[in-house]
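2 protein chains.
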Amino acid sequence: MKNSIIGYYSTKFGELWEQSLDDLILEAWNGILAETKIEKERIDAIFLGNMLGGVVEHALLLSAHVAELTGLQVPVYRMEAACASGGLAFQNANEYVHAHPGSTVLVIGAEKMTDSGAAEITRALATAASTDEQAVGLTFPGVYALMAQIYLAQYGYTEEHLASISVKNHAHGVLNEKAHFRRYVTIDNVLESPYVAYPLKVLDSSPISDGAAALILSSDQALVKQSRHVVSVLASELATDTISIARRTRLDTLEATVLAGRKAYAAAHVTQADIDVMEVHDCFSIAEILALEDLGFWEKGTGGAKAQEMSTHLKSGGNLIVNTSGGLKAAGHPVGSTGIKQIGEVYLQLTGQAGLRQVGKRTHGLAHNVGGSGGMAIVTILGV
Amino acid sequence: MKNSIIGYYSTKFGELWEQSLDDLILEAWNGILAETKIEKERIDAIFLGNMLGGVVEHALLLSAHVAELTGLQVPVYRMEAACASGGLAFQNANEYVHAHPGSTVLVIGAEKMTDSGAAEITRALATAASTDEQAVGLTFPGVYALMAQIYLAQYGYTEEHLASISVKNHAHGVLNEKAHFRRYVTIDNVLESPYVAYPLKVLDSSPISDGAAALILSSDQALVKQSRHVVSVLASELATDTISIARRTRLDTLEATVLAGRKAYAAAHVTQADIDVMEVHDCFSIAEILALEDLGFWEKGTGGAKAQEMSTHLKSGGNLIVNTSGGLKAAGHPVGSTGIKQIGEVYLQLTGQAGLRQVGKRTHGLAHNVGGSGGMAIVTILGV
Chain A
228 MKNSIIGYYS TKFGELWEQS LDDLILEAWN GILAETKIEK ERIDAIFLGN MLGGVVEHAL
288 LLSAHVAELT GLQVPVYRME AACASGGLAF QNANEYVHAH PGSTVLVIGA EKMTDSGAAE
348 ITRALATAAS TDEQAVGLTF PGVYALMAQI YLAQYGYTEE HLASISVKNH AHGVLNEKAH
408 FRRYVTIDNV LESPYVAYPL KVLDSSPISD GAAALILSSD QALVKQSRHV VSVLASELAT
468 DTISIARRTR LDTLEATVLA GRKAYAAAHV TQADIDVMEV HDCFSIAEIL ALEDLGFWEK
528 GTGGAKAQEM STHLKSGGNL IVNTSGGLKA AGHPVGSTGI KQIGEVYLQL TGQAGLRQVG
588 KRTHGLAHNV GGSGGMAIVT ILGV
Chain U
228 MKNSIIGYYS TKFGELWEQS LDDLILEAWN GILAETKIEK ERIDAIFLGN MLGGVVEHAL
288 LLSAHVAELT GLQVPVYRME AACASGGLAF QNANEYVHAH PGSTVLVIGA EKMTDSGAAE
348 ITRALATAAS TDEQAVGLTF PGVYALMAQI YLAQYGYTEE HLASISVKNH AHGVLNEKAH
408 FRRYVTIDNV LESPYVAYPL KVLDSSPISD GAAALILSSD QALVKQSRHV VSVLASELAT
468 DTISIARRTR LDTLEATVLA GRKAYAAAHV TQADIDVMEV HDCFSIAEIL ALEDLGFWEK
528 GTGGAKAQEM STHLKSGGNL IVNTSGGLKA AGHPVGSTGI KQIGEVYLQL TGQAGLRQVG
588 KRTHGLAHNV GGSGGMAIVT ILGV
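Chains as they are written, first to last, in the working numbering: chain A, 228 to 611; chain U, 228 to 611.
Worth double-checking, as some hints may not be accurate.
[Unchecked claim] The following label-pair restraints were derived from C-beta to C-beta distances:
1) Leu583/A <-> Glu347/U: 19 to 29 Å
2) Ala345/U <-> Glu245/A: 31 to 41 Å
3) Trp244/A <-> Thr349/U: 22 to 32 Å
4) Ala493/A <-> Tyr411/U: 36 to 46 Å
[Claimed, not checked] With a straight-line cut-off of 25 Å between C-alpha atoms, the simulated DSS-like cross-links for lysine-lysine are:
5) Lys267/A <-> Lys490/U
6) Lys267/U <-> Lys229/U
7) Lys267/U <-> Lys490/A
Treat the hints as calculated values from the structure; they're not laboratory data. Idealized CB from N, CA, C, for every residue including glycine.
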């Protein structure tokens, strides 16, 4: 028996100066209750994705924050896997619901990042890199810049190829009322934006955002039956890899993505050809290209050219549309929330609730969430 | 079908200047493989308890550290619930093994605390308290000092009653070769030690420690059958409570402990009378008294007198022996490891491997791990 997602709510993503971490959790909680109209006493356990609560908000034991805000005393599991914290919370929740047939759980991601200065948040994000590599000054954009340099050199692409990803995702973000950025950018805008770490520029990079997102996951068949919008979780699989990029044999692929993808396709009994809509982890433009290749949609090394074709653009009429939410790039990247938002966006698409950014054909969707520079990857496949 | 613990390994707890966080994880990993003689490829998933990696060691995404150190690419779940991180990792692992019959998982706790100065580590630990309460200067010893003040005033006890807990646990710690402190203290030593937060003194308080501990949990019946030392996990249950102590109706009880205990007794089909040996969360002397009351062994308000009787001392010949490891007080409290060490100590006792501190009658044991000031409690019951 597959578990079902029966509701989704997301706060606005962005620079939410007026909301604290607890405020964001509370809005997502109230939002998901209003959306699903379920009584809070039906929640058997809560899974929380958050990366930086301890580091920048001086708040650990967030489980007890959640207990206080919800008024529940049920198990609350806080998961941390850097930018994959949300996907990990979902993946673990899916295991839990399998262990407890008939149960209903809340999966919530929340992150408050904009209370910190740029230097502080850059240092905080760098904790997801090897401590040895941090020590020699490698920041997080630096890690992905190394991947981009190798990719461009090895397969003969230019920064313009990378820029296509940002142009597409910004165009999608315009259609998402919850997105951090809702404006079009052009190839020239991207190319003219300042370098963060060569060859990656500001407009190749996802922003620092605040936001929370929540899902209800259930195997309570009576509850599922009475829910208006339901999708099945066909698979949610994860794989890990070394923390040090120096220990990897290749930098033009994230092996954790390859492994998690293979496990997910096998568990879901689907192939790439079945997937209609997909959210992938585009923390930097290069990451979306690697993801499409590593998940088996594009052959290794062809992604630069494929990106330029924009066949995954909503307006392309193509049969695989990627990052309709705007991706991390335009929808924003409140790290612990991202993995939940990705699954939520696929849920909205598969249930026909995606409004202006609704894709046409839609029976299967995939969400792909990455921790660090590929130390963890989670692939979740949903179907209706 | 109950899951089984088939092996346990702990590093020394203490001020381990020569070992990094990764070194501790690696020692625990090599130790548990040597102890159980299982091939590492049999590990299907890893559950890691760690509180402060991000805050004091600048290391998040510890899942990828574990992947690199073990050479495995399996799911690695990092759980954080302050001082209950280890117990939470175990509790979640137990759910996972139920979801995957025939699976075998590693549960590991690791914490590196002594690289930081006293002020930094005090601030870091305070992140497990409400941010509002932190903001007005309430430190972690301060929270437990409030509980102790109320308890002593309400039930007519003195600091001497509290001191009995430390005297007993230090006596046990002398017998534990892995303990942080291996020396006897007297009631006078405790009473003469400096105040940390009135009425709690240095010798009422658990120390800042480094250390790691690991368990193998399995439902692979062939593997369990060939293992030399096996105990069954009869129950592992958790409950949560508010982060703010101001929101609690009483401060002489931890409601999360009461709830988790009730759930665990019911799930395990045992009563307090069945328990022979127990590790409880004595982060401060008052906490052990509250734990024994909240878990239903001592009537509320009688714990001060009971503590003074020392009926839970190994040398008492009593039928319930508490904190044979030395507890957090003497064995040390590397926070993410504590919950694993508690379960590990009960495992050693039930399998007759506790050496000099071995209790006599032993069929059932209990481990009790608390996060923060009771925002989370986990109660695990083991049996042979």
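Evaluated hints:
{"no.": "1", "hint": "Leu583/A <-> Glu347/U: 19 to 29 Å", "result": "violated (49 Å)"}
{"no.": "2", "hint": "Ala345/U <-> Glu245/A: 31 to 41 Å", "result": "holds (36 Å)"}
{"no.": "3", "hint": "Trp244/A <-> Thr349/U: 22 to 32 Å", "result": "holds (30 Å)"}
{"no.": "4", "hint": "Ala493/A <-> Tyr411/U: 36 to 46 Å", "result": "violated (59 Å)"}
{"no.": "5", "hint": "Lys267/A <-> Lys490/U", "result": "holds (20 Å)"}
{"no.": "6", "hint": "Lys267/U <-> Lys229/U", "result": "holds (23 Å)"}
{"no.": "7", "hint": "Lys267/U <-> Lys490/A", "result": "holds (20 Å)"}
In this structure, the hints that do not hold are numbers 1, 4, in rising order.
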